[in-house]
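Student: Listed below, chain by chain, are the residues.
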Amino acid sequence: MAKVRQPKPRRPKRPDLLDTLVHPTLRFVWGLALIAVLVLAPRWETRAAVMLLGAVLATLAGKRISFGYFLVLAGTVVFFHLLAPFGKVLASPLGFPLTEGALLGGWKNGLTMAGLVFVSLGTISRKLHLPGRFGELWALTFAWYERLMESKNRIHPRAILLSVDRILEHHYPTLPRDEGDESASPLWTAGLREPHTATTVWGWLLVLATILATTTLGVLLK
Amino acid sequence: MPASSSPRAQARLPLVAFFGALSLFFATLEYLFPTPPWFKLGLSNLPMLIALDFFTLPELLLLLVLKVVGQGIVNGTLASQAFVLSAAGSLASFVVMYMAFRLIPRRWVSLIGLSLAGSMASNAVQVGLSMAWIFGPASGIIAPWFLGLGTASGLAIGWGAETLQRHSRWLRRVKRGQSATA
Numbered sequence: 008m009a010k011v012r013q014p015k016p017r018r019p020k021r022p023d024l025l026d027t028l029v030h031p032t033l034r035f036v037w038g039l040a041l042i043a044v045l046v047l048a049p050r051w052e053t054r055a056a057v058m059l060l061g062a063v064l065a066t067l068a069g070k071r072i073s074f075g076y077f078l079v080l081a082g083t084v085v086f087f088h089l090l091a092p093f094g095k096v097l098a099s100p101l102g103f104p105l106t107e108g109a110l111l112g113g114w115k116n117g118l119t120m121a122g123l124v125f126v127s128l129g130t131i132s133r134k135l136h137l138p139g140r141f142g143e144l145w146a147l148t149f150a151w152y153e154r155l156m157e158s159k160n161r162i163h164p165r166a167i168l169l170s171v172d173r174i175l176e177h178h179y180p181t182l183p184r185d186e187g188d189e190s191a192s193p194l195w196t197a198g199l200r201e202p203h204t205a206t207t208v209w210g211w212l213l214v215l216a217t218i219l220a221t222t223t224l225g226v227l228l229k
Numbered sequence: 016m017p018a019s020s021s022p023r024a025q026a027r028l029p030l031v032a033f034f035g036a037l038s039l040f041f042a043t044l045e046y047l048f049p050t051p052p053w054f055k056l057g058l059s060n061l062p063m064l065i066a067l068d069f070f071t072l073p074e075l076l077l078l079l080v081l082k083v084v085g086q087g088i089v090n091g092t093l094a095s096q097a098f099v100l101s102a103a104g105s106l107a108s109f110v111v112m113y114m115a116f117r118l119i120p121r122r123w124v125s126l127i128g129l130s131l132a133g134s135m136a137s138n139a140v141q142v143g144l145s146m147a148w149i150f151g152p153a154s155g156i157i158a159p160w161f162l163g164l165g166t167a168s169g170l171a172i173g174w175g176a177e178t179l180q181r182h183s184r185w186l187r188r189v190k191r192g193q194s195a196t197a
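For the record, the sequence lines run as chains A and B. All the letters of the first sequence, read from the start, carry residue numbers 8 to 229 under this note's numbering. All the letters of the second sequence, read from the start, carry residue numbers 16 to 197 under this note's numbering.
Chain A extracted, bound-state conformation:
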């Protein structure tokens, strides 16, 4: 008798704790502010701090973070920077110069790449509302993006297009909805305009404290 493969039980979705503290629009602006600090900070230490903060926020937002993936990402960026020697030579294994400038530049860029994704994951809420009709479309785009990002672990490197196709099929059911099949309702007809809470005092404190702390760090380490 053929063995029936049981589907792997899905891990329960973790709650978005930030959702109860910060209004989605303020959260979006908060993310932009942190991204500005991350991108403009001249020192890698500041970027590392913002990246770690982004990782904490993403975790609080209920996202699952793969640190291995980001280590590979940062390592690749550093490797390619090392191919273009720049600055003081630290060592020359097999005659190849490992330079301080290339190493620091690569490390800084790797941290930035990882930080950008972490901060985005932590601060882009699917309940984001921007004013006007364009704002509605914009919110919808980001809401879809967030849902797609949640599925990125289901991408198989050996069958990228096939796995992406299955993800798209799962997230974007386009056939007329079967009766009683709530999972098949398109995002914009159900669930998008969920009510959201106003920012609480603790939420404001969290937003202001993190922006102030990272900005101060950036200025002090300049």
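No lab work stands behind these hints: they were computed from the structure. All figures in this text were calculated on a predicted structure; none of them were measured in a lab. Keep in mind that a hint or two might mislead.
Unchecked claim - Some chain A residues flagged as far from chain B (calculated, every beta-carbon gap over 10 Å):
#, residue
1, L24
2, L67
3, L97
4, T217
Claimed, not checked - The following label-pair restraints were derived from C-beta to C-beta distances:
#, chain 1, residue 1, chain 2, residue 2, range
5, A, R21, B, V124, 46 to 54 Å
6, A, P104, B, W123, 35 to 43 Å
7, B, T71, A, R165, 50 to 58 Å
8, A, L39, B, L162, 32 to 40 Å
9, A, R161, B, L162, 44 to 52 Å
10, A, L97, B, W123, 50 to 58 Å
11, B, T71, A, R21, 19 to 27 Å
12, A, R21, B, W123, 45 to 53 Å
13, B, L162, A, L78, 28 to 36 Å
14, B, V124, A, E107, 47 to 55 Å
15, B, W123, A, V36, 44 to 52 Å
16, A, V208, B, V110, 48 to 56 Å
17, B, V124, A, L78, 37 to 45 Å
Stated by the list, open to error - Partial chain B-side listing against chain A, Cβ under 8 Å, derived:
#, residue
18, A26
19, L28
20, A32
21, F33
22, L39
23, F40
24, L47
25, L81
26, G143
27, G175
28, T178
29, Q180
30, R181
31, S183
32, R184
33, W185
Note that CB positions come from ideal geometry on N, CA and C, so glycine has one too.
Go by the hints and put chain B onto chain A.
Tutor: Below, chain B without anything else, positioned relative to chain A:
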């Protein structure tokens, strides 16, 4: 709202938003592939290529704005020269791909050809802008590498779009959904 406000066009706007999100998603997937830090594969162009067959010009322009600005925000490059380079490259690529798609019969040009043309336009504009405005003429030293890699990635992305268009179950469902609402 740049797109038409007829009821049918309104009903199609969520699909434009979904394609916008798909572009952002593909832009994130770029990190799965090791590339030199100064080079982007342009995976976010794949949904744009497929979208040429679906949307009107205003809808495509709206998708372009969602793609470019969305990438700027998600990647945090909105306030940098990288955003200007990306926006200029995306616009050049779109203009070339759209013209080729509208003017050349489909039997003469595949999505691979369209992608290649778009990729060449995008890379040429970015190299030109880098040399003229940001890094100076010395950056021309990477131009052959940049254009060569751009050609390879343009071919690969075109192949991906062509494969997805031929074999995607999701696209078939979208098309059926579109014809049902038409």
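Student: Now, for every hint given, state plainly whether the structure supports it.
Tutor: Each hint, compared with the structure:
Annotated as non-interface, L24 of chain A keeps its C-beta farther than 10 Å from every C-beta of chain B; the closest such distance is 22 Å. The beta carbon of L67 of chain A sits about 19 Å from the closest Cβ of chain B, which is more than 10 Å, so the claim that it is off the interface holds. The claim that L97 of chain A lies off the interface holds: its Cβ sits roughly 20 Å from the closest Cβ of chain B, which is beyond the 10 Å cut-off. The claim that T217 of chain A lies off the interface holds: its Cβ sits roughly 16 Å from the closest Cβ of chain B, which is beyond the 10 Å cut-off.
Taking the beta carbon of each, R21 of chain A and V124 of chain B are about 47 Å apart, inside 46 to 54 Å as hinted. For P104 of chain A and W123 of chain B, the Cβ-Cβ distance of about 50 Å falls outside the hinted range of 35 to 43 Å, so the restraint is violated. Taking 50 to 58 Å as the suggested C-beta distance range, the pair T71 of chain B and R165 of chain A does not conform, at roughly 37 Å. Hint check: L39 of chain A to L162 of chain B, Cβ distance near 34 Å, so the stated range 32 to 40 Å holds.
About 35 Å separates the C-beta atoms of R161 of chain A and L162 of chain B, a value inconsistent with the hinted range of 44 to 52 Å. Between L97 of chain A and W123 of chain B the CB atoms are about 55 Å apart, so this pair conforms to the stated range of 50 to 58 Å. As the Cβ distance of T71 of chain B to R21 of chain A is approximately 41 Å, the hint placing it in 19 to 27 Å is violated. At about 52 Å, the beta-carbon gap between R21 of chain A and W123 of chain B stays in the expected band of 45 to 53 Å.
Here the CB-CB span from L162 of chain B to L78 of chain A is close to 32 Å, well matched to the stated 28 to 36 Å. Checking the proposed 47 to 55 Å range against V124 of chain B and E107 of chain A shows it holds: the Cβ atoms sit about 49 Å from each other. Our hint of 44 to 52 Å for W123 of chain B and V36 of chain A holds, since their Cβ atoms are close to 49 Å apart. Against the hinted window of 48 to 56 Å, the Cβ-Cβ separation of V208 of chain A and V110 of chain B comes to about 50 Å, which satisfies the hint.
Range check, V124 of chain B to L78 of chain A: Cβ separation about 42 Å, and the 37 to 45 Å hint holds. For A26 of chain B, the interface hint is violated, the least distance from its beta-carbon to any beta-carbon of chain A being 10 Å, above 8 Å. Proximity of L28 of chain B to chain A holds as hinted, the smallest CB-CB distance being about 6 Å (cut-off 8 Å). Of the supplied interface hints, the one on A32 of chain B holds, with its beta-carbon coming within about 4 Å of a beta-carbon of chain A, less than 8 Å.
Because the smallest distance between the Cβ of F33 of chain B and any Cβ of chain A comes to about 5 Å, under 8 Å, the interface hint for this residue holds. With a least beta-carbon distance of about 5 Å to chain A, the hint placing L39 of chain B at the interface is held under the 8 Å criterion. Checking F40 of chain B against chain A: minimum C-beta separation of about 4 Å stays under 8 Å; hint holds. Checking L47 of chain B against chain A: minimum C-beta separation of about 7 Å stays under 8 Å; hint holds.
Using the Cβ-Cβ criterion of 8 Å, the hint placing L81 of chain B at the interface with chain A is satisfied: the shortest such distance is roughly 5 Å. Look at G143 of chain B: its Cβ only gets to about 22 Å from chain A, farther than 8 Å, so that hint breaks. The interface hint given for G175 of chain B holds, since its Cβ lies 6 Å from the closest Cβ of chain A, which is under the 8 Å cut-off. The restraint placing T178 of chain B at the interface with chain A holds, with a minimum CB-CB distance near 6 Å, inside the 8 Å limit.
Interface hint status for Q180 of chain B: violated, as the beta-carbon distance to the closest one in chain A is roughly 11 Å, over 8 Å. Evaluation of the R181 of chain B hint against chain A yields a violated restraint, the C-beta minimum of about 10 Å exceeding 8 Å. Against a cut-off of 8 Å between C-beta atoms, the interface hint on S183 of chain B holds, since the closest Cβ of chain A lies about 5 Å away. For R184 of chain B, the suggested interface contact is upheld, since its CB lies about 6 Å from the closest CB of chain A, less than 8 Å.
The beta carbon of W185 of chain B is positioned within 8 Å of a beta carbon in chain A (closest approach about 4 Å), and the interface hint is therefore held.
Checked against the numbered hints above, the structure breaks hints 6, 7, 9, 11, 18, 26, 29 and 30 and satisfies the rest.
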